[in-house]
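Now for the letters of each chain:
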Amino acid sequence: QQQVKQSPQSLIVQKGGISIINCAYENTAFDYFPWYQQFPGKGPALLIAIRPDVSEKKEGRFTISFNKSAKQFSLHIMDSQPGDSATYFCAASPEYSGGGADGLTFGKGTHLIIQP
Amino acid sequence: DTAVSQTPKYLVTQMGNDKSIKCEQNLGHDTMYWYKQDSKKFLKIMFSYNNKELIINETVPNRFSPKSPDKAHLNLHINSLELGDSAVYFCASSPSRDRGAGELFFGEGSRLTVL
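Residue numbers (the working numbering), protein chains in the order written: chain A, 13 to 128; chain B, 552 to 666.
It is possible that some hints are incorrect.
What the hints assert, rightly or not - Derived pair list, reagent style DSS-like, types lysine-lysine, alpha-carbon separation capped at 27 angstroms: (1) A/K54 - B/K618; (2) A/K70 - A/K27; (3) B/K595 - A/K120.
Quick caveat, the hints were computed from the structure, so don't treat them as lab data.
Bound-form chain A, shown alone (with noise of 0.2 angstroms):
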């Protein structure tokens, strides 16, 4: 089985401050590594995205960082907001999966609290 294997499980960080959620995987083929958010009550939304052709993603405050020679990534929140507080999910899948996002590998989630 395919694995990304995410931490921490739970985090909790100050308003203002920098949340740090780290994947890693495992299969060399992976080369497309989004993040999805969710929200209690909610379906997973996507909310960024990297291939591993450059090193750093950043949208807003968000920023996902790559290391392909480690095959880890990370989502850093910059200026964290109790409206970030959420589930997040990495993720992994083959660019040439045959179906899309059919070889997408979620990680086992970050329940992430931001406290005001």
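Model the placement of chain B on the given structure of chain A, informed by the hints.
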């Protein structure tokens, strides 16, 4: 308009019963999925359909059967419900089999409780 809608949102039933969850997407996507999210929030893919063809079946029990009347709909039928089937079931869709079609669009989930 809701992009991926599923009904019912909540479902409470007795062991042994048969139930269905319906899903519709208005995004024009070719591929639809069913995911199961357990109490620990772990997301596990159950099925995917591409142009009405089943292309993934992740060793789920055959009590679970997906039905797709057309590419905008993928319903999930569950026979002989068991306690362990209690979970939140998410329907999702994604664009066609083109390169980079990795974004999933999820519905809001259907929470199934088996008593």
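For this session: Would you check the hint for B/K595 and A/K120, treating anything up to 27 angstroms between C-alpha atoms as holding?
Result: Holds: B/K595 and A/K120 sit about 10 angstroms apart, inside 27 angstroms.
Exercise. Would the pair A/K70 and A/K27 pass a check requiring their Cα atoms to be no farther apart than 27 angstroms?
Worked result: Holds. A/K70 to A/K27 sits at ~20 angstroms (cutoff 27 angstroms).
Exercise. Are the Cα positions of A/K54 and B/K618 separated by 27 angstroms at most?
Worked result: The hint holds at about 24 angstroms.
When each numbered hint is compared with the structure, no violation occurs for any of them.
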